[in-house]
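Peer 1: The primary structure of each chain is shown beneath.
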Amino acid sequence: MLLEVKGMKFPLDRRYYIKDGAHMWLKPEGNLVKIGMDAFAAEMAGSLTFLNVSKRQAKSGEAIGSFESAKFVSRFYSPISGEIVTVNDKVLSNPQKINDNPYNSWIVAMKPDNNEDGCEYIIEGKDEISNWISKEIKRMEGGE
Amino acid sequence: MKLFNLGELNWRQTQLIYHALAYKNIESLVLHSSNDRYMCVGLHQDPRDELDLKYCNKNNIGIFRREIGGGTVLIDNDQVFYNLIIHRNHPKVPYTPENFFRRFLQPVIQAYRELGISAEYRPLCDLVVREKKISGNGGGEIGECKVLGGSILLDFDYERMAQSVLSSDDLRRRFLELMQNNLTTVRKELGVIPSKEEICSILATKFTDLLGPMTKGRVDTEITKKMMELNKQYSSDTWLYQRGTKQIGREIKVREGVSLFHKVFNTQKGPGGVTCEIEENRVKKVSFFNAFSLSHIDQEKLEERLIGLEYDRNKLVNEIIEMIKTHGGLVVA
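Quick note, the sequences are listed as chains A and B, same order.
Going letter by letter, the first sequence gives residues 1 to 144 in our numbering.
Going letter by letter, the second sequence gives residues 1001 to 1333 in our numbering.
Because the hints were derived from the structure by calculation, they are not lab data.
Heads up, the beta-carbon is just placed ideally off N, CA and C, and yes, glycines get one too.
Don't take every hint at face value.
Short, incomplete list of chain B residues facing chain A, as computed with Cβ under 10 Å [stated by the list, open to error]:
hint, residue
1, 1101
2, 1144
3, 1246
Below are the SDA-like pairs computed for lysine to any residue, each with C-alpha atoms no more than 20 Å apart in a straight line [what the hints assert, rightly or not]:
hint, chain 1, residue 1, chain 2, residue 2
4, B, 1024, B, 1216
5, A, 6, A, 125
6, A, 97, B, 1245
7, A, 34, A, 117
8, A, 34, A, 55
9, B, 1246, A, 89
10, A, 19, B, 1093
11, A, 138, B, 1099
12, A, 97, B, 1249
13, A, 19, B, 1025
14, A, 9, A, 140
15, B, 1024, A, 61
16, B, 1315, A, 34
17, B, 1246, A, 100
18, A, 97, B, 1160
19, B, 1315, A, 96
20, B, 1225, B, 1027
21, B, 1024, A, 62
22, B, 1284, B, 1256
23, A, 9, A, 47
24, B, 1315, A, 47
25, A, 19, B, 1256
26, A, 97, B, 1311
27, B, 1253, B, 1065
28, A, 138, B, 1092
29, B, 1225, B, 1235
30, B, 1246, A, 86
31, A, 6, B, 1095
32, B, 1058, B, 1011
Start from the sequences and build out the full structure, keeping to the hints where you can.
Peer 2: Here it is in structure tokens:
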């Protein structure tokens, strides 16, 4: 199942973290949660040249790393609280993989703490995601 | 929004001030220049890869790793530095990096034009005059703010820049030539250098036209405290020397579309290097050292194959590896 808005794809098999335009996806795998950037973030950033993960433990909403595109450094944020168990070295050494396929290019795998920090900013399901993306596109077009 | 028109600052303060203001969430325009020269690398750069550290140490050239993006720059007293610190949710802040630069470099373009220099925006974040770069810029998120950083080049020490980034005589000579052909300054364009006060005054007016009136900012104890705290962090080796995304080969950029690309290949017959001069994103010149096991004729063939190619590090490197393999060489790392 896939939602497509203005050429950007949003698989419905995962959830999305939306606080302050964060645009991160999260998908549980075993006892870990894989986290990456969504198609909107990849599209807005343009060609990614650098990616760095700077933390090993994070609270929901905290910046856990940075990426660079067009000589501009942006941060990416952890949707959940927990420990970063694995970093995807393949994506780290070639961040353009995120531009090519954001949903196959997870950045970190986290072991979540047992709390619900940040859950109010996590959405799922076609309607919720569609509403959110439409608002984001409107916001983007207004700002440009 | 506040205006901090600070005149000359100590080299570390020129960086600390805008980081501190961003972390303190103080929307502002900062204008200043450095009273000493130093090298400044982007957040994702490692000075060990970017600089000739021996040369910098020997010549007392300081090194700073900033939190915003862009490449390695030489900063000295011949530049007027501007930083715009603006909240990321400010209605005038565009979403994409390119549009961020396009919008907030407009006042700088206007300032150049008022000085009599017909500067134009060139994506992603250069300002150029007749295709020659006259201002380099970088940007990024710091705390809750987005930050633009760049400088008006009054004059430029091309030699010093080349020496600070490259230890190889040959590469340095090529880089110097590329810079001289593709980088200009206010002095070169006008024949004279207007006063820094005049330039800052024009910049302040042009940014005010875009963002509305500004009130005079004062570096108070809270800002000073934050600067001191950040100074401690940014002075540490753990901050300065951080390995990030491993780049393929080394690229030394002059302006958008113009750079020097150099890569050493380890083969079973020893190391060999290729240097490509890139102009308008295409390979313009190619040269070899040690040349692997390739004959002179094969080198010419490889050169022929590479010249005119669109510059893409991965493709370029793969092309070279293929050619070495075709001619009986083996790339071991």
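Peer 1: Does the alpha-carbon distance linking residue 1225 (chain B) and residue 1027 (chain B) stay inside the 20 Å limit?
Peer 2: holds (18 Å)
Peer 1: Starting from residue 1284 (chain B), check that the Cα of residue 1256 (chain B) is at most 20 Å away, please.
Peer 2: Answer holds: residue 1284 (chain B) to residue 1256 (chain B) is near 15 Å, not above 20 Å.
Peer 1: Take a quick look at whether residue 34 (chain A) and residue 55 (chain A) sit within 20 Å of each other, Cα to Cα.
Peer 2: holds (15 Å)
Peer 1: For the pair supplied as a hint, residue 1246 (chain B) and residue 86 (chain A), is the alpha-carbon distance within the 20 Å limit?
Peer 2: holds (18 Å)
Peer 1: Checking one constraint from the list: CA of residue 9 (chain A) to CA of residue 47 (chain A), max 20 Å. Satisfied?
Peer 2: Given that 20 Å is the threshold and the Cα spacing comes to 17 Å, the pair holds.
Peer 1: Check the hint pairing residue 1253 (chain B) with residue 1065 (chain B) against an upper bound of 20 Å on the C-alpha distance.
Peer 2: The given pair, whose Cα atoms are some 17 Å apart, holds under the 20 Å limit.
Peer 1: Can the restraint linking residue 9 (chain A) and residue 140 (chain A) be considered satisfied, given a maximum Cα separation of 20 Å?
Peer 2: holds (17 Å)
Peer 1: Regarding the pair residue 97 (chain A) and residue 1249 (chain B), is the alpha-carbon distance no greater than 20 Å?
Peer 2: holds (19 Å)
Peer 1: Tell me if the straight-line CA distance from residue 34 (chain A) to residue 117 (chain A) falls inside 20 Å.
Peer 2: holds (17 Å)
Peer 1: Next pair to validate is residue 97 (chain A) with residue 1311 (chain B); report whether the Cα-Cα distance is within 20 Å.
Peer 2: holds (18 Å)
Peer 1: Are the Cα positions of residue 1315 (chain B) and residue 96 (chain A) separated by 20 Å at most?
Peer 2: holds (14 Å)
Peer 1: Holds or violated: residue 1246 (chain B) as interface residue toward chain A, Cβ cutoff 10 Å?
Peer 2: holds (6 Å)
Checked against the numbered hints above, the structure breaks hints 16, 18, 25 and satisfies the rest.
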